[in-house]
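> Spelled out, the chains give:
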Amino acid sequence: MTSARIFLIGGLISYRALFGWLSPWVFIPSLLVAPIFQILLFVYIGRSAALESDEFYVIGNGIQYASIPCVFAMTNIIAGERFQQTLGSILVTPAPRLPLFVGRALPVVLNGFFVAAFGLVVGGLVVGIHVPATAIAPLVLVTAVSALSCTGLGLLSAGLGLIVRETAVLSNVLFGILLVCTGANVPLDALPDWLRMVAQGMPFTHGIEAARLVADGASAGDVAGLVGREALIGAIYAVAGYLLIHVLERHSRRHGTLERA
Amino acid sequence: MMRRTARLLWVGWLVHLKMLMRSAFNFWLGVVYPLFFASAAFLMFRSGDDPKPLLYASLGAAVMGIWGATSTSAGAALARERWLGTLELLVTAPAHFALILLPVTIAMATIGVYSMVATLIWGRLVFGIELHVADSLAFALAVPATVASIGALGFLLAVAFVRFRQAWALGNMLEYPVWLVSGFLVPLALFPDWVRPISWALAPTWGIGAIRGAALGGAPFGDIALALLLGGVYTAAGILLLERALRAARVKASLALS
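Keeping their order, the protein sequence lines are chains A and B.
Straight run, no breaks: the first sequence in our numbering ends on number 472.
Straight run, no breaks: the second sequence in our numbering ends on number 273.
Because the hints were derived from the structure by calculation, they are not lab data.
Rough simulated footprint, nothing fancy, chain A against chain B, three-plus residues with beta-carbon under 8 Å: (1) 179-187; (2) 199-206.
So the derived list for chain B, only partly shown, Cβ under 7 Å to chain A, looks like this: (3) 54; (4) 58; (5) 59; (6) 62; (7) 191; (8) 192.
Some residues of chain A that are not near chain B, with every Cβ distance over 10 Å (derived): (9) 218; (10) 265; (11) 302; (12) 346; (13) 440; (14) 461.
Note that CB positions come from ideal geometry on N, CA and C, so glycine has one too.
Excised from the complex, chain B in its bound form (with noise of 0.2 Å):
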């Protein structure tokens, strides 16, 4: 059962991951498009009064691409399925639907690696921002921790607009709030007190943490943990949702038309 459901996850993350890798519209997209804003934010620092927090925002714009990559498309998810044709077919199949959606979702969060990538590079021939990353093991661990936990938070977002017909909309407006308030670009500590508490409910605040605590030296492995373990409370609120939105939609014979 755990093999079956391990291989479910890989195969469905892998396939999807391809099919993404193949869009000029994923790649282009989620190559380029997060330059502008990592190049704006640099820019800007440099030209501040203090350009040390160069590095601080390198590493964040890096990160920023991961979650751009999965606000929108994760939002879209389902209904991309039900304009397919194949949402019925997922929905009725015998694995759990989550075991597919879920996937899904981290593919999309995977896809900003390459956004990640392209924005240190980027950063180094462009504005000579050297990246000397201080613990490379707590590096590598914290980058999948870091997709891992935006892709459910992906997949919830994906379970949580299941009945809007345009919830490609409502996830495009939610790429810049995470990008404030997770701190890729600015200081938590710049917000207001109320802020806090909603940057800590989010798993980005943590994944950058982890990653700048890696990159730059720091302790890492309590944000990783965070990370990982905020996406477990991503993944089992959005199977919940998900069981009452299959079974609402099995009622009303919704599924299609929602």
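Extracted from the complex, chain A is given alone in its bound form (with noise of 0.2 Å):
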């Protein structure tokens, strides 16, 4: 029961806070605005290299998105926390670190979903790109997920946000990876072997393969092992990332580097 509430209402109250912090002024330029243009640059740099249809980038830098408030903001949930001051206040209690992270999560999830859909609409729209009414469903199902997948890297983030002073730049590093290595710009028959291999394992790859099939007519059922996989790939980050954050909270403990990092 406690940790029902501790996820609920931690959930609730973190909502709260991401949007006291992220105002109209800052979501609409960098959430809404900026991935629309994104889109639009590799949609011409593709017609400049005569390589994919508008659709293939406005599809996979609609998802690809995502990471922005996927990862910048799980990744904030430890450097935030330490930049006011209250991280020490929080890992002092004994409330279980499961809910109290996972719910911190499901905010983010829902942003990231949002801002991946708001990017495939509009972006859609502004190119021209026709998708079936029956894709929609299928789309909004590969969209959630791959924000899912995409928030279990950034709570892995996260985790290495308590012995990184500049989460900033490890989050941006990680939106540049995901940017060249998950199929959303590049097809991945054109990235080196070892590239491809790496694409594999990172979230958004099999998410954009999917919405891409969906987009052109394949049914939820036929992309079910993509979506599964993505999911899959989440859920290792996930766990990799909680583990790694009891670990180094113990070490922070045992060390006094909390606020050292």
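Need the complex rebuilt from these two chains, each delivered in its own frame; the hints are there to steer you.
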């Protein structure tokens, strides 16, 4: 019961806190306007390189941009608390860590889903791609699973935030890796072999592939395997992130390094 | 008077450049972040039907970092001084505030040279893109002219966003649009006609034109002149805006609160 309260109420307060900071003056330019221009940038590079269709880049970048809210916000659950000098107060509580951190991930997933969905819809309208109505429900599912999966990577990044001071650099580097390695812009078969292998373990790779197939007429059942792999990868990152937080929290207690990172 | 002004601009630029160079955030982000965009573009052009634009893209990607280093930081330049508690001191100093702010934004653009060099080395080592500069003198002029003009655009942004607490987000929002319409990676001919006047009004368009002209063989001096001219226009517009903003802030006592 206590865990459920921490999960729900902690998540709710975190959501309110997120939007206390994430005012419209930040949200609109960073999370609604910027992804549209990222989509346009790669659509035009794609046209210039005569590589793939506009739909390829709209879907790739629409979903990949969810990494900004998912990775940055999750990383900030540690770095932000440290900045506000509340990290010690949180970690000194006897609250079980699983509901504490997973509850804080919920608003991040919702926000990531919304940003990706907005990018897909508006980016698609601006560029003028056509997606059949039957594809909308599976696309919603794929986008939600992709946001969930990337939030798992964000939890791992949050754990690293216990030992890394420059978390903004870390988040930007993760964003860059996802930009190049997930097939969002560069077709997977155009990547070097080793990078293609890396891509198979990254969030978004299977989600983006599934979304493209769905937009081309595949049913939800046809892409169930890809969606399952996307969810599994997210779950592995989330478990790794949770364990990392657990280990580094103990390390920081033993060595007094909580505020030193 | 001229000598004092020149000294203030030089010292302001140097001090801020040293400060930015000691920031891990600025260094790593300045060097590494644009490499991801460059790599994505290189891989896309290499896989496309015609790999010839790879050299064109390599120069564009190199200059993208200069704007990337400027847009968000310049948007937040005044907010940062406000946060540090130094804004009032700088505004009330005997020197005109524009002479203090302009070298700050030019120093931000100068940090982008890190990324420019890193991107060219990355392109050479990883993608085998060989760059032979056709006109070294013109190239040596085009790079600082581009940096100065982008810094001046950053100055205008910093002043235009003075009333916004979250100005960094507005600066961040402008990163992609300028990359796009300045023709860093995509020829301007691909855009609809109505985009062209916007491109022409942006100094980075002429800056990258000058760098490409100098590197690949062309007529870069006209582009250098236009980049510098636009930089001058941005500076003049910024000074006029700054005068208005500071007068309003004094009347309403809103300098720290805006």
